[in-house]
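J.: The primary structure of each chain is shown beneath.
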Amino acid sequence: MTSQSVARLAAGAFVAVGVCLVPLRLPAQAPAQAPGAAAPSTARPAAPKPRPAGEKGAARGWTVPRTPDGKPDLQGLWTNATVTPLERPDGAKEFATAEELAALEKRGNRDEQAKADAERGTPAASTETPAAPARRNGIGDYNAIWWELGKKALENSRSSIITGPSGKLPHTPETVQRLAANREYERLHPADGPEFRDNIERCLAWITSGPPMLPTFYNNTYKIYQTPKTVAILVEMIHDVRLIHLDGSAHSSPAVRQWMGDSRGHWEGDTLVVETVNINSKRGYIGGGGGRSGIAPNNDKMKVTERFTRTAADTIMYQFTVENPGIYTGPWSGEIPMKATDEPLYEYACHEGNYAMHDILSGARADEAAAAKGKEKK
Amino acid sequence: MGMNRLLVLALAVALTASAQTQSSQSPSQSQSAYRGPRTPGGKPDLNGIWQAMNTANWDIQAHSAAPGRIVALGAQDAMPAGLGVVEGGPLPYLPEALAKKKENFENRLTADPELKCFMPGVPRAMYQPFPFQIVQSTTGILMVYEFAEAVRTINMGKPTQSPGDTWMGWSNGRWDGDTLVIDVTSQNDQTWFDRVGDFHSDALHVVERFVPVSSGIIQYEATITDPKTFSRPWKMSMPLYRHVEKNAQLLEFKCVEFAEELVYGSLRRKSEQ
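Chains A and B are the protein sequences, given in the same order.
Mind the numbering: the first sequence is residues 1 to 378 in my numbering, read in order.
Mind the numbering: the second sequence is residues 1 to 273 in my numbering, read in order.
Read the hints as simulated data drawn from the structure, not as lab findings.
Some clues are possibly wrong.
[To be verified] Cut-off 35 Å, straight-line C-alpha distance, at most; resulting in silico cross-link-like pairs (DSBU-like, lysine-lysine): (1) A:K168 with A:K373; (2) B:K270 with A:K229; (3) B:K158 with A:K229; (4) B:K158 with A:K301; (5) B:K100 with A:K229; (6) B:K246 with B:K101; (7) B:K246 with A:K229; (8) A:K339 with B:K235; (9) A:K152 with A:K339; (10) B:K235 with B:K116; (11) A:K152 with A:K71; (12) A:K229 with A:K71; (13) A:K71 with B:K246; (14) B:K270 with A:K373; (15) B:K270 with B:K116; (16) A:K377 with B:K270; (17) A:K303 with B:K246; (18) B:K246 with B:K116; (19) B:K270 with A:K152; (20) B:K270 with B:K43; (21) A:K151 with B:K158; (22) A:K301 with A:K229; (23) A:K106 with A:K373; (24) B:K246 with A:K373; (25) B:K158 with B:K228; (26) A:K301 with B:K116.
With the sequences and hints as input, model every part of the structure.
T.: Following this line, the structure appears as structure tokens:
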């Protein structure tokens with residue numbers, strides 16, 4: 001079996017199963033190429049006017065809906081799908097102009113598709129002719145027509161999810177080296193065993209569940225339940241549920257490390273503030289995906305602080321700060337206005353139907369056997 | 001320990017014992033005189049972390065203690081005896097289904113979906129030896145199970161229909177007085193009831209009743225209807241106990257990684273290949 005046939009087989013299984021090989025759309029893995037972003041405009045010095053979230057709602061005399069215990073009601077279905085990139089494109093200003101945003105929204109998803117298809121050597125969305133697999137490990141996956149980034153730029157008019165002067169992840173030099181070493185390691189060990197594959201392919205952790213809760217290539221929907229003592233945030237993929245404890249209790253023992261860490265929340269006025277520690281070191285650098293055994297970061301000192309504020313009938317302003325000394329030179333922050341959606345969640349049985357993992361591993365073994373046989377003949 | 005404390009302890013044990021006896025003997029305890037904490041909407045507040053305390057996950061029917069399946073695990077893997085949680089006599093299997101159950105039993109060391117960290121389905125999720133959390137809000141009920149991080153969302157509004165079969169089924173809930181009644185349909189035929197191969201088909205219909213009988217106990221019943229597998233409906237019942245530890249919380253048991261060697265181990269790259 002050739003790599004190409006493995007690629008087709010795997011791709012077929014992925015479409016059926018929904019497990020996905022597409023790497024997290026994060027510069028951690030594709031540095032300095034924030035895709036789909038508006039080209040920085042040097043000819044337009046006019047200061048962009050941010051669109052404050054909630055303006056519309058407030059104008060209609062909207063008031064914060066409350067649960068029976070008087071807290072802002074965060075419940076419902078929400079999405080953080082966006083074409084705005086995590087990191088600010090080189091040269092871009094912190095806020096984009098209306099024209100830049102319009103251009104981003106028009107181009108964003110297609111740019112993502114073209115770039116992703118080219119990177120991974122998968123057939124372009126517009127053609128049925130498969131290209132030769134060009135991905136680092138020779139295994140392709142389904143093309144970006146399956147992606148669903150939404151159509152909208154963030155309504156806060158920012159040019160990136162990350163806030164602050166640089167809009168970039170403040171990786172330490174060691175982290176930059178480590179990420180490069182990781183990519184080489186992945187190239188040399190593409191499919192030695194299940195733990196050499198991405199966490200999301202293994203159905204271990206989904207990217208959007210976080211923390212921080214960042215959008216990815218599809219299924220960016222959240223369902224929130226809220227009681228006086230608990231906020232539960234459910235994502236469809238891998239049926240991840242974050243359980244945030246509001247009872248004022250202290251974090252559990254640091255001896256207990258979890259994929260989504262240990263989250264404690266409290267209300268500061270009408271803002272839910274959540275602090276998460278005890279995140280395990282099996283996760284990727286940012287979200288649940290990406291981490292492969294042996295190349296995940298050390299998250300022992302990772303801390304994520306999140307703020308949830310209802311700002312309009314259809315908006316939760318989500319703000320977060322990540323601290324992870326040794327991985328980053330300092331804290332970094334971001335914000336995403338999450339929008340109400342009517343897209344329901346269904347059961348996503350990822351592991352139960354993960355034929356793709358079987359096919360990837362057996363395909364790799366078949367390739368090795370064929371290569372060994374070829375050597376013998378020579 | 002003073003006499004009073006001993007008495008309290010004895011009483012607690014007796015109550016527990018009677019609840020357990022009741023579970024398999026009294027045919028129906030649909031309502032209770034107990035009136036506990038309420039939600040703002042006036043319904044019983046079931047929020048909390050709960051867990052069954054029985055051996056139903058080994059075998060839902062009455063069974064003797066039995067040796068384990070893995071020699072190296074010695075007494076750790078041996079099956080504890082249990083009085084069973086099924087009301088009435090043996091499970092009313094249809095003849096072919098009984099043969100299938102026996103086959104499942106023979107193959108249980110490889111065929112039990114629990115081994116592979118598959119979602120357990122309903123009712124097995126309710127009595128696996130792991131806690132689960134009920135998040136009961138104004139918009140609905142979420143049940144989160146520690147095992148495999150399985151999840152059920154219970155629709156408490158107008159009943160809806162599933163677009164397809166799933167592992168944990170499709171749950172429509174309603175209140176019958178102080179009893180939470182959940183109608184579970186659209187489960188696939190891949191899950192089992194226990195480790196000895198008791199099983200069902202995709203025609204499974206489960207009606208669950210959650211009766212709060214004290215601040216710490218929900219009496220749980222599940223009526224099983226599956227005309228492809230059983231000649232008549234049957235019922236299981238058991239108490240669910242609240243975790244009262246001050247620091248009780250659901251922890252992650254994302255067991256996929258613990259089952260990978262079992263599922264994919266044969267496909268691992270041999271060293272020095």
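J.: Which of the numbered hints are not met once you compare them with the structure shown?
T.: Hints 1, 2, 4, 5, 6, 8, 19, 20, 23 and 24 are the ones this structure does not satisfy, whereas the remaining hints hold.
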